[in-house]
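Please build the complete structure, drawing on both the sequences and the hints.
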Amino acid sequence: GAVVSQHPSRVICKSGTSVKIECRSLDFQATTMFWYRQFPKKSLMLMATSNEGSKATYEQGVEKDKFLINHASLTLSTLTVTSAHPEDSSFYICSAEFRGGELFFGEGSRLTVL
Amino acid sequence: AQKVTQAQTEISVVEKEDVTLDCVYETRDTTYYLFWYKQPPSGELVFLIRRNSFDEQNEISGRYSWNFQKSTSSFNFTITASQVVDSAVYFCALSGILDSSYKLIFGSGTRLLVRP
Chain A
1 GAVVSQHPSR VICKSGTSVK IECRSLDFQA TTMFWYRQFP KKSLMLMATS NEGSKATYEQ
61 GVEKDKFLIN HASLTLSTLT VTSAHPEDSS FYICSAEFRG GELFFGEGSR LTVL
Chain B
1 AQKVTQAQTE ISVVEKEDVT LDCVYETRDT TYYLFWYKQP PSGELVFLIR RNSFDEQNEI
61 SGRYSWNFQK STSSFNFTIT ASQVVDSAVY FCALSGILDS SYKLIFGSGT RLLVRP
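Chains A and B, in that order, are what the protein sequence lines are. Residues in the first sequence are numbered from 1 upward in steps of one, following the working numbering. Residues in the second sequence are numbered from 1 upward in steps of one, following the working numbering.
Each hint should be verified, as a subset may be incorrect.
[As the list claims (entries may be wrong)] Stretches of chain A that chain B covers, calculated by requiring three or more beta carbons in the stretch to come under 8 Å of a beta carbon on chain B: (1) 44–56; (2) 104–112.
[As the list claims (entries may be wrong)] Pair ranges (Cβ atoms, derived): (3) B:Ser61 x A:Thr17: 21 to 31 Å; (4) B:Gln57 x A:Lys64: 38 to 48 Å; (5) A:Glu52 x B:Ala7: 33 to 43 Å; (6) A:Leu68 x B:Asn67: 22 to 32 Å; (7) B:Ser42 x A:Leu68: 19 to 29 Å; (8) A:Leu76 x B:Ser71: 23 to 33 Å.
Since the hints were derived computationally from the structure, they do not count as laboratory data. Ideal Cβ positions, reconstructed from N, Cα and C, are used throughout, including at glycine.
So this is what it looks like as structure tokens:
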């Protein structure tokens with residue numbers, strides 16, 4: 001099946017710093033990627049829809065200035081958590097749309113903010 | 001509004017037992033997709049199945065089977081002869097078709113523990 005890769009898989013940072021997470025579709029082009037957040041033992045919550053060449057669409061309650069999304073190419077979307085705080089610690093997962101409706105997910109990135 | 005309910009928070013079975021994970025959904029869309037994903041302890045999401053709203057045929061894939069019933073808005077997942085490797089969190093998800101993109105709404109997940 002299609003492969004989506006996320007990097008880094010784990011990141012620990014100090015409060016106040018910014019962290020960038022990459023999501024790549026390795027063997028297909030993805031005009032649309034999605035970013036999800038998962039709290040421990042909770043479900044996945046959609047944060048935003050990332051469209052290649054245009055601004056991301058954020059879900060209600062998600063701070064777009066806090067979570068910057070850039071979809072610069074058909075194979076790469078990035079999520080930058082700006083001025084991270086401990087409450088931003090979470091598991092972030094991206095997905096890419098493949099063949100009109102199939103979604104494949106990255107491995108996830110666990111962010112810990114100290 | 002779209003909603004997915006997985007009422008079973010956690011299920012524990014002994015290996016070789018059959019187990020059914022329930023999923024009930026709500027949507028006003030006439031065309032939609034239903035999904036099941038597996039999330040093992042390592043964290044990645046593994047795609048199991050996608051079913052569109054016009055296809056109510058049940059599906060079997062090895063030890064896995066799915067029962068889609070529009071009349072009750074349910075899309076249940078059964079694992080036959082469960083194995084320890086089936087232990088994971090299973091998510092049911094729903095998507096409509098908005099602007100040709102597919103946003104998934106996830107259920108809260110069911111944690112399955114298969115004991116040897």
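Going through the hints against the structure:
1. 44–56: holds (count 5)
2. 104–112: Satisfied; 6 residues make the cut.
3. B:Ser61 x A:Thr17: 21 to 31 Å: 45 Å, violated
4. B:Gln57 x A:Lys64: 38 to 48 Å: About 42 Å separates the Cβ atoms of Gln57 of chain B and Lys64 of chain A, which means 38 to 48 Å holds.
5. A:Glu52 x B:Ala7: 33 to 43 Å: Because 38 Å falls inside the window, the suggested range holds.
6. A:Leu68 x B:Asn67: 22 to 32 Å: For Asn67 of chain B against Leu68 of chain A, whose Cβ atoms are near 42 Å apart, the range 22 to 32 Å is violated.
7. B:Ser42 x A:Leu68: 19 to 29 Å: The hinted range 19 to 29 Å holds for Ser42 of chain B and Leu68 of chain A, with Cβ atoms some 28 Å apart.
8. A:Leu76 x B:Ser71: 23 to 33 Å: 43 Å, violated
Violation of the numbered hints given earlier is confined to hints 3, 6, 8; the remaining hints are satisfied by the structure.
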